[in-house]
Amino acid sequence: MNMLLHSHLSSGCILTAAGAGVALCLAGCISSPQADSALRVRCGRMKALTDGPGHDTEAVWSPDGRRIAFQTDRQGDWDVAVLDVADGGVTPVAAGAGHACYPAWTPDGRLIYAFGHHPMTAVQAARSGADCGYGLRVWRPDGGISELTQGYWRDYTPSVTADGAFVYYASTRGNSGNSAGVWRVPLDGEARAACVLPLDGGTVGAVQPSLSPDGRFLLWAQLDGFRENWRLTAAAATNLQESLTLTPAEMSAYAPRWSPDGRLIAFTGFRAGDPGWGIFLLEPRTGGLCRLATGRGHARSPAWSPGGRSLVFENNRSGFYKLYRMPVRCDILCERSAETQSSLDRVEARWDGSALVDAGGGRVAGMPQAGDAVRFERPAGLDFGSGAFFVDLTLVVDRHAPDTRIAVVGQYAEHALGWQVFVRENRRLFFNSRGPDGRFIGIESDDPVQTGRPVRVLGIRDADGAMRLYVDGRKQAGCASGATLSYSPALSVCFCQQWNGGMRLNGRVLAFACGRGYPPGVPRVMTSAGLFDGEAGQ
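First residue of the sequence shown: 1180, per this note's numbering; consecutive thereafter.
It is possible that some hints are incorrect.
Label-pair ranges, simulated between beta-carbon atoms [as the list claims (entries may be wrong)]:
no.	residue 1	residue 2	range
1	Asp1342	Thr1270	20 to 30 angstroms
2	Asp1342	Arg1632	43 to 53 angstroms
3	Gly1541	Ala1690	45 to 55 angstroms
4	Gly1255	Pro1699	53 to 63 angstroms
5	Arg1632	Ala1274	27 to 37 angstroms
6	Glu1604	Ala1549	13 to 23 angstroms
7	Pro1454	Ala1690	50 to 60 angstroms
8	Ala1690	Ser1325	30 to 40 angstroms
9	Pro1581	Arg1508	51 to 61 angstroms
10	Arg1224	Pro1581	33 to 43 angstroms
11	Arg1508	Gln1420	30 to 40 angstroms
Cross-link-like lysine to aspartate or glutamate pairs, in silico, EDC-like; alpha carbons within 16 angstroms at most [stated by the list, open to error]:
no.	residue 1	residue 2
12	Lys1226	Asp1263
13	Lys1654	Glu1326
14	Lys1654	Asp1625
15	Lys1226	Asp1266
16	Lys1654	Asp1379
17	Lys1654	Glu1593
18	Lys1654	Asp1616
Treat the hints as calculated values from the structure; they're not laboratory data.
Where a beta carbon is used, it is the ideal one built from N, C-alpha and C, also for glycine.
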């Protein structure tokens, strides 16, 4: 089974509650750089819920709090079983040949899970009409099982809305390779499934979607493109295209779960220096972030109890992943202060066909290079510092090459390839900036660029280091963060070639503008205040 999903802070200190005989841990607490609050978490002692051979994973609590559903490979294949919280008894509910995985409860006590069965070759399956993908199934307490979705694609990681009306899930349906988008299907099955967040491409994907308890926000784990790292992403349920990355750039994060009151998010995370994957709590409005002290081994896939007082998760300290329960108490120590934004949005350099014209009217004449390449020496105004900037150009690709070719590049003292727009060997457009250490951070277009016609490309580096890419006015699915390099004055800008003359584009640039802030008509960077407290969340 494709376990796409499977991420850090200082260890928590252990405190003992006087007279209670119960060990409490004050988890290490860290706020993100933009947060003005801290999250304090007190957690009780871990209690093992399952034991024995095999792995028990992907647990989720029932609405009445009496049972926990999980997936297990005790019998070889992945099965779905239910644990009685009171007596520890385990009852299989979806077992036998095939893979049953990623269970989710409905409010009325049914279970939704993904199921895949591959008893034959693809040719044999096609001839017989068999379903050999992963589809969603519904288990009822009376033992009955019905299909909710089916096909030759993979539908997985379902979650049920608080009102029980819809199931959100990840699916590869209609996509190339293993990329996945977010789909939604009515639980009653009377309407067709619909894609609500299309993501396609070799390095993008969204999994584990979850609607907030009040129905206003959708949360998911997203593969951020070129660097292939998982981030937690959220958006208003009414506008999924303008999303916000919730986790730090240096962190891998997946398996998010809203708390029952919608105030917190539990997830699996990892950062360099951590002893292993761990359980984190995030307060999304302030950025308050804590790692729970779960001891040795990897801890993954947390899920809340109905009252929000405990978490269940998996840990492999015994050699197998087993389920554990941990009581938690959370406090937000202070509120977020008002966020401010720079009001400066200005084109700093625009090509008029022969020169780059700066905001003050100064001109830097282009120096013709081989073919249609042009070089501009030390254009003014492109010293963006750590602020937001944009690169807006229209280009024509006459023919594709077997390797990367440059459309435009900005050369800086900090990095010779400070920012670039180029066409990769896979024929897709790419916009990149840099991290503070010079590392490459960028976004790829959803589709290959067509030859022989003008294509408008707009790349944006936001002040928080997030990146966006628009092609012909459409926001691309990829996301990236951590591009916080501070730019001093530019040394050069080159069209249709690298700064050193190589990687020439088989095409030409028709129009170009570059500036600080944002161009007209493009939304400013989404902030937590704008999403969770502003119009986006209404």
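Evaluated hints:
With their beta carbons about 27 angstroms apart, Asp1342 and Thr1270 fall inside the hinted range of 20 to 30 angstroms. For Asp1342 and Arg1632, the hinted distance range of 43 to 53 angstroms is satisfied, since their beta carbons lie about 46 angstroms from each other. Look at Gly1541 against Ala1690: about 19 angstroms separates their beta carbons, and that is not inside 45 to 55 angstroms. Restraint check, Gly1255 to Pro1699: a C-beta distance of roughly 60 angstroms satisfies the suggested window 53 to 63 angstroms.
At about 55 angstroms, the beta-carbon gap between Arg1632 and Ala1274 misses the expected band of 27 to 37 angstroms. Checked against the given bound of 13 to 23 angstroms, the beta carbons of Glu1604 and Ala1549, roughly 21 angstroms apart, stay inside it. Range check, Pro1454 to Ala1690: about 52 angstroms between beta-carbon atoms, so the 50 to 60 angstroms window is met. Distance hint check: the CB atoms of Ala1690 and Ser1325 are about 56 angstroms apart, inconsistent with the given range 30 to 40 angstroms.
Checking the proposed 51 to 61 angstroms range against Pro1581 and Arg1508 shows it holds: the Cβ atoms sit about 59 angstroms from each other. Between Arg1224 and Pro1581, the C-beta spacing of about 59 angstroms breaks the proposed range 33 to 43 angstroms. For the pair Arg1508 and Gln1420, the supplied restraint of 30 to 40 angstroms holds, since their beta-carbon distance comes to about 37 angstroms. For a cut-off of 16 angstroms, the pair hint linking Lys1226 to Asp1263 stands: about 15 angstroms separates their Cα positions.
Straight-line distance between C-alpha atoms of Lys1654 and Glu1326 comes to about 34 angstroms, which puts the hinted pair past the 16 angstroms bound. Restraint check: the Cα-Cα separation between Lys1654 and Asp1625 comes to about 9 angstroms, which is no more than 16 angstroms; the hinted pair holds. Distance hint between Lys1226 and Asp1266 is fulfilled; the C-alpha atoms sit about 14 angstroms from each other, no more than 16 angstroms. Among the hinted pairs, Lys1654 with Asp1379 is consistent with the structure: their alpha-carbon atoms are about 13 angstroms apart, no more than 16 angstroms.
A threshold of 16 angstroms between alpha carbons decides the hint, and for Lys1654 with Glu1593 the separation of about 29 angstroms lies outside it, so the pair is violated. With a C-alpha separation of about 27 angstroms, the suggested pair Lys1654 and Asp1616 falls outside the 16 angstroms cut-off, and the hint is violated.
Checked against the numbered hints above, the structure violates hints 3, 5, 8, 10, 13, 17 and 18; every other hint is satisfied.
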